[in-house]
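Enquirer: Turn these sequences into a full structure, and let the hints steer you where they fit.
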Amino acid sequence: MTAEFKTLAEKYAERHASTVQLLFWLEPSRRPSPPIEALVVLNQVALVADRIVEHCPDGAELFAGLRKLLEAKDCFVRAVLSRPGSVLPGHSPVR
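The opening residue of the sequence shown carries number 1173 in the working numbering; numbering runs sequentially from there.
If you are wondering where the hints come from, they were derived from the structure by calculation, not from laboratory data. C-beta: ideal position from N, C-alpha, C; glycine also. Check each hint, because a few of them may be wrong.
[As the list claims (entries may be wrong)] With beta-carbon atoms standing in for the labels, derived distance ranges:
(1) S1254 to P1204: 14 to 20 Å
(2) L1242 to S1205: 16 to 22 Å
(3) E1233 to T1179: 20 to 26 Å
(4) E1226 to S1254: 29 to 35 Å
(5) E1209 to A1189: 28 to 34 Å
(6) N1215 to E1176: 15 to 21 Å
Expert: Have a look at this one:
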């Protein structure tokens, strides 16, 4: 018997709507075909989000923290994609 895969938004669907909405954007699968280096970062951020929501109650502080994590995720992905030799979809390699 295989375990059913659930997205973070599905896993925490009973939580506050704001929490679920941010978890949706923290999912690694939200980006179309990311390079493997970016996928590693996206998966790690999703894991952090999962652990945080698992242990924190809904509220303003959780929402603010998840919002900042979403901003940080975007920064981390841009950092990975700006490494020399990285290839952005539809672009030449970064020099």
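Enquirer: Does each hint fit the structure? Answer for all of them.
Expert: Hints and how they fare:
1. S1254 to P1204: 14 to 20 Å: holds (19 Å)
2. L1242 to S1205: 16 to 22 Å: The hint (16 to 22 Å, Cβ to Cβ) holds, given that L1242 and S1205 are roughly 20 Å apart.
3. E1233 to T1179: 20 to 26 Å: holds (23 Å)
4. E1226 to S1254: 29 to 35 Å: holds (32 Å)
5. E1209 to A1189: 28 to 34 Å: About 33 Å separates the Cβ atoms of E1209 and A1189, which means 28 to 34 Å holds.
6. N1215 to E1176: 15 to 21 Å: holds (19 Å)
Checked against the numbered hints listed earlier, the structure breaks none of them; every hint is satisfied.
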